[in-house]
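**Q** In order, the protein sequences belong to chains A and B.
By my numbering, the letter at position 328 of the first sequence is numbered 328, and the numbering carries on one by one without gaps.
By my numbering, the letter at position 320 of the second sequence is numbered 1320, and the numbering carries on one by one without gaps.
FYI, nobody ran anything at the bench for these hints, they're computed from the structure.
Source: prediction; values computed, not measured.
Hints are supplied without guarantee of correctness; some may be wrong.
[Said to hold, decoys possible] With a straight-line cut-off of 30 Å between C-alpha atoms, the simulated DSS-like cross-links for lysine-lysine are:
1. B:Lys1072 x A:Lys273
2. B:Lys1264 x A:Lys290
3. A:Lys291 x B:Lys1291
4. A:Lys257 x A:Lys287
5. A:Lys312 x B:Lys1312
6. A:Lys287 x B:Lys1287
7. A:Lys277 x B:Lys1264
8. A:Lys287 x B:Lys1277
9. B:Lys1264 x A:Lys312
10. A:Lys312 x B:Lys1277
11. A:Lys325 x A:Lys287
12. A:Lys287 x B:Lys1264
Number of protein chains: 2
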Amino acid sequence: MDYSDLIQKLLNGNARAVARLITLVENDIVAAENIINAIYSHTGNAYILGITGSPGSGKSTFISTLTKIYAKQGKKIGIICVDPTSPLTGGALLGDRIRMKDNFSLKNVFIRSMANRGQLGGLARATEDVVKILDVYGCDIIIVETVGVGQSEVDIFKSAHSVVVLLVPGLGDDIQAIKAGIMEITDIFVVNKMDLSGADKKIADIMQMLELRMNYKYESLKDEENILLKSNWTPEIVKINSITGENFEKLTELIDKHRDFLSKSGVMADYQKNRIKSETLQILKHKITKKVEGLISSNPTIDEYLRLVMDKSLDPYSMANLIIKLLGLE
Amino acid sequence: MDYSDLIQKLLNGNARAVARLITLVENDIVAAENIINAIYSHTGNAYILGITGSPGSGKSTFISTLTKIYAKQGKKIGIICVDPTSPLTGGALLGDRIRMKDNFSLKNVFIRSMANRGQLGGLARATEDVVKILDVYGCDIIIVETVGVGQSEVDIFKSAHSVVVLLVPGLGDDIQAIKAGIMEITDIFVVNKMDLSGADKKIADIMQMLELRMNYKYESLKDEENILLKSNWTPEIVKINSITGENFEKLTELIDKHRDFLSKSGVMADYQKNRIKSETLQILKHKITKKVEGLISSNPTIDEYLRLVMDKSLDPYSMANLIIKLLGLE
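Make the full structure from the sequences, and use the hints.
**A** Dropping the structure here:
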C-alpha cells in the first residue's frame, strides 16, 4: 500500500491523517515499517514526557491541567494513554474525560488511547511509532501516560525524555504500587492533592525511598539504563494541586530544568543512542521471534525434536540449541 | 562445573540439594542448561497448580490450608512463590508465613520464593526450571503462586496443569485487577472468605464475566493458547473458607476433575507439546536476544548504523533489517 498521500497530509498538520496513520502502525507492523521509514527523517523535535501513577493518584486531572498550561503557551501537545492491562475495553478513556471536563477547545491537542489489543510487536514498539507520528505532526510536547504496572511500562518509558511519577498523600502503599523499575527511571516525583494532610509526609517517604534505592539501582540496571542515573540528575520532588493548578509553575520549571540538564550535560546524545538501540532491539526481537515461531510451528525437523522432548530423550535447552544451529545462528 | 553429585542427591530426595540446585538455575543460565539437561528424563510426574489472586484475596492462608490437606493425604508438595514485582526485597515471604502459622511439621513440603532479581532469561524460564527440579525431587503437587499482574504471570502459568484464581466477596474490582490474560486461562475460580456477605454476588459476577469474555477470548488468543479453551472445559466456580477449611473437599474434587478431564479428553499430549514449544521459545528468545545484544553493543558495523539512525538517514526498522541480514537470518 502507498502511504505517501497520508504522510503528506501528516506533514501538513492534518489531524485525521494522524489518526489513520496511528491505527495503521498499531495494527500492521509492515505498514508501521513503511510509515516510519518514510517519516523518520522528520522526527526529533518533540519533547517526550512519560507520566505514571497508581490508580487514584489523579493522573487524568493532572494531565488535563498540565496540558492546558502548555496549550496556553501556544504549544502543540500530543497525549498517548497506554493501558497494557486492558485488552478488552480497548484502552483508557482519558481522552474523553479530558474533552468532557474542559469547556475551552483544545485545538492544539491530539489525544489517543492505546491498549494491548492488536498491538503487533508489543505495546512499547507501537508506542514508539505513535510518538514518532505525533512528533512529525508537529507536537512540541508528547505526553505518554501509563497505569504504572510492570516491565512493559519501563519499556514504554525508554522513549521519554523526562519521567514524572504521580503520588498522593495518604495512599500508604502507592510507592510500593509503582513498580521498582519505574522508580529508578523517575526524574520528577509529583505529590498530587497537596491540600490533603500528609503531603509532606509523602515527600519524606519519597526521599527515604530514594536513599534506599540509590545503592540498589546501580547494580540492578543494565549499563545503558544507567547512563541517565549516573549523569548526576537528582530526582526532583514537588507537591501540587491539579484542581487549583497550585505549584504547576514550579513543576513546569522542573521539567524545563531537566530538559536543560539533558542537553547541557551532554547526555542527550548517549541517551538517544541508547534509545535507538533499545528500539531496534524491540523490533529485532519481534522479527526474530516471528521467524522462530514460524519455524517451530511448521518445520518437520522441529516436530521431530518435539517428539524427542516429549519422550524425554531431549530437553528444551538442547532443543533450543539445535534450533539455533538450524537457523545458522551459532 | 560438575553437578552430578548434587543431582544424585536430588534424585535421592535430599532437600538441601534441591535448594542449591534452585539457586544455581536462578542465577546461572549455563548451569540451568546443564542441570536441566541432566534431570529432564526424570521429570513429568508432578501435577502443577498455578494459583493467583489480587492482594488481599488471602492467597497465603489458602495455600497453607490446601497444602495441609495434600500433606495429610501423604503427598509431597512443592510451593514456588513468584513475585515479579519485587526486585528489591527478594520475593514474597509466604514460605516464612506458612511455617510460622502452622505448628505441625510439614516435612513433605518444600517452599521457595522467587523474585525478579537475578532471574537471567526471565522469571518464566527460571520458574519452569524450578518446577522441573521439584518434579524430580518427587513432588506430587507443585503449587506456583504469583501476584497476578501482567503478561509475565501468563507466561509463568503456561507450565501449570490447572490454573486457580482466588477472589473475595466485597472487593468490587478484584475481577478487573486480575489481568485479562489470566482470566482466560483460569480453570477454577475460588471465592475465598465465603462467610462474608457478597460471596454469591461474587459468583454471579464471575459467571457474568465468563460469558462476556467467552467470545472475546477465542479471537484474541493465539492458536496454541486456545487448545485447552477449545477443549470444552467450562471453568468451575467454588466458594470456600480458608480458615475453617470449609468446602476444600469440593475444591480438591474440582482439581481432580480437571486433572481427569485433561487426561481423558486427550488434550494432555497437545498441551504438553505446546508447553514444550513455549518453553523452548523462551529459551530461544533469551539466547538469540543475548546474541543480538552482544552484536549491537560491540560491532563496528552496528555503530555505523547507529550513527546513520542518529543522523536520521536510516530508521530503526531499516536498521533492524540490516542486522537481520548481518546475522544471516533473512
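**Q** Out of the numbered hints, which ones does the structure contradict?
**A** 1, 2, 4, 5, 7 and 12
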